[in-house]
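Visitor: Start from chain A and add chain B according to the hints.
Protein sequence lines, in the order shown, are assigned to chains A and B.
Under the numbering used here, the residue at position 94 of the first sequence is numbered 94, and the numbers go up by one with no gaps.
Under the numbering used here, the residue at position 283 of the second sequence is numbered 283, and the numbers go up by one with no gaps.
Calculated from the structure, these hints are not laboratory results.
You may find that some hints are simply not true.
For lysine to aspartate or glutamate, the following DMTMM-like pairs were computed, each having C-alpha atoms within a straight-line distance of at most 25 Å [unchecked claim]:
{"no.": "1", "chain 1": "B", "residue 1": "Lys209", "chain 2": "B", "residue 2": "Glu254"}
{"no.": "2", "chain 1": "B", "residue 1": "Lys41", "chain 2": "A", "residue 2": "Glu94"}
{"no.": "3", "chain 1": "A", "residue 1": "Lys327", "chain 2": "B", "residue 2": "Asp364"}
{"no.": "4", "chain 1": "B", "residue 1": "Lys67", "chain 2": "A", "residue 2": "Asp55"}
{"no.": "5", "chain 1": "B", "residue 1": "Lys184", "chain 2": "A", "residue 2": "Glu133"}
{"no.": "6", "chain 1": "A", "residue 1": "Lys4", "chain 2": "B", "residue 2": "Glu52"}
{"no.": "7", "chain 1": "B", "residue 1": "Lys183", "chain 2": "A", "residue 2": "Asp106"}
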Amino acid sequence: MELKSIKDAFDRVANKHKLSHTKTHEIVHMLSQELDKALSLMQDTQLDHKSILVDAKKLFTDKSPAAQLDSAEKELNVALTKYPKVLEKQLNPEIAKAYRTNAEFDTHVVNQIIANFFYRQGMFEIGDCFVAETGESECTTRQSFVEMYEILEAMERRDLAPALNWAGANSERLKQARSDLEMKLHSLQFLKISQGQNSQEALSYARKHFAVYADSCLYEIQKLVCSLLWDKNLEQSPYSEFLSPVLWDNAVRELTRQYCNLLGESSESPLSVTVTAGTQALPVLLKYINVMANKKLDWQSVEQLPVAVELPEEFQFHSVFVCPVSKEQSSEDNPPMMMSCGHVLCKQTITRMSKNGAKTSFKCPYCPTDIDSTRCKQLYF
Amino acid sequence: MEIDPVTNGNTDTVMAEPAPAIAPSRPVPSSRSSQLTESIKLEHQLLRVPFEHYKKTIRANHRSLEKEVSSVVSSVGDLADNDWSKDVAVSRLTSLVSRLQGLKRKLEEGSNVENLQAQRCRARIDHLDSADVENITEWNNTKLKRILVDYMLRMSYFETASKLSESSNISDLVDIDIFREAKKVIDALKRREVASALAWCADNKTRLKKSKSKLEFQLRLQEFIELVRADSYKQAILYARKHLTPWGATHMNELQHVLATLAFKSTTECPKYKALFEPQQWDVLVHQFKQEFCKLYGMTMEPLLNIYLQAGLTALKTPYSFEEGCTKEDPLSQESFRKLALPLPYSKQEHSKLVCYISKELMDTENPPQVLPNGYVYSTKALKEMADKNKGEIKCPRTGFVCNHTDLVKAYIS
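If we strip away everything but chain A, and leave its shape as in the complex, we get (with noise of 0.2 Å):
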């Protein structure tokens, strides 16, 4: 991104300003010297206060400080005129016109959208401010991220309980979800107990507790009951790793996540992937409707996009498969097959290929295989 020009532009805004600054200082100051002189000389010699004011007049003519002010700010003016046409150049002036005015969105909502994202920060303050000048209803998840962050606290002080306790509580869940939450906030509290210098009780908290990860973690749990050897001076271990704070960001990444997803909500939060989604999206999509405005067609009324929006792998949520012969995307009425060879199209492609022709098989577009149009298997993603 060339910002360099705008910073040229916006560089020569300033010395221009600062070079009229002077130039005005300047003519102020002489206009006020001149009036001191001219007052002086009225007040302690004789001469003649007319002819003074007169010289004084004369000077000022002659000096034209209202001309010269003019002159100081023409520069300062072309420098001004210009820079906005420089920012219109580097930058796109107009994204509103990707909005769509005929999908005005509902306030509310979008208020609602705005607490919620504020409560799932830990912005609680501030959402209840904005809870309170919208006049908007109380948020119902309020409640389960203020617990949330209470954990999410406790586990900044290095105290473990409540955040054990919630995984505890929701342990069937958590294995549902295939998460390790309850390995790490054990493994992590274990930690503890050995480098408070315990080890009887280090050891007898693994005996208690991690036996339930045998199969799963074994190696993670003959690190951690090995790193006892060490008690006194892990750093010099080859486990000195259990020592770094990672470990804990690690943990409280986790238990987000997981707190998070039992709450029916997402791990990241939704409005910040929708206006990620949107930054990469709006690009394109304002290309096509310069285009589209170009040719002087409308383009607010159509149900799908005609121009894709290629978005990174995180945001792809759903398997979307496209025909690539007919470059449609597979539903429910034309479902992806896959033929005998291994290759996939879609069931429409597969029939208008297979009655081309009066016979029921057809060669697959990419290996020469003959396929049987009644033996293709529908594929579910």
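Guide: Same frame as chain A, but now just chain B:
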């Protein structure tokens, strides 16, 4: 921040061994840095608004300075031309001298204000400059907060806006004072007072004239109508003579139409003229003022949040997002997002992207999809993990169908 020509985008997907047969390759997503460039291009408002404010201040200060200086110079001329006694001359000259002292002070103060505003412009340029592929998450976080503050300012939730901007340290990146200025005028209009709006028009006369704005004309017309409504016909005519006639040259039709209200009472049933007396006319004025205001400062009419949300929702909208079992990771699984997305078009995809139901990972050439005998598809990695844990047995998590790992067939999605 310049486009790096070397990184050509292979940071997110790795094309390992070539796909079998003639499967065409998937397109490489745009490189992160070119995405960043595109997203910076959307930030015109961020830089333009403080600049317009800065320009306005400079010009206003300069105008008042010019006026003062001219007035001083002409006073000196006046003193010199006429025959005043020495005492009067001295006292007048003294007052001129102190006027100039005052002017010097004002100059300093004005320059300080201007410098602060220039600093704000510069801070924003620096902020855009600081965006980097490395710190992109943090930068996007700040961006979201900025967009939220913009939304709140437009909806007049000033308290939350200031709290949010302070706590997120983005005071330099938001325009709270400018919106407050607009709110004063809008509130006055809502109370049916045109004075502040007219003052604003006077302040920005040259810009409004350049853009051929008829806001001032509309304001005057409304005042005229109010006079007619109050039955003060004489005042109305005087008012029209003074304030409406200058606009006759360019807007004669409208002028005639409104002047004719003199012949009707405010309770008239005649539809064409009844409309002019409607209280909604004031709402129209408010809207027009907002339009002129936004145009002047280079702001969008709609809140930035709505623009970004619309674009994002439509890019994420798939028919699957509305299904019962939709994954919670999809923002459109939330009721509120679904409501907003209802009137928007669906996204379009040009290439297949498949997500494994078990691991939620992308099924690509690194981790190709495999098909069970019942037609259900999962990723190779997830299926292998399952087989390893269950002595080669595979159980479909959605249907309960059981088969062996050896029964799986690889699928080729182009």
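Visitor: Each hint should be assessed against the structure and marked as holding or not.
Guide: Okay, the hints, checked on the actual structure:
no.	hint	in the structure
1	Lys209/B to Glu254/B	18 Å, holds
2	Lys41/B to Glu94/A	11 Å, holds
3	Lys327/A to Asp364/B	18 Å, holds
4	Lys67/B to Asp55/A	22 Å, holds
5	Lys184/B to Glu133/A	18 Å, holds
6	Lys4/A to Glu52/B	20 Å, holds
7	Lys183/B to Asp106/A	22 Å, holds
Taken one by one, the earlier hints all hold for this structure without exception.
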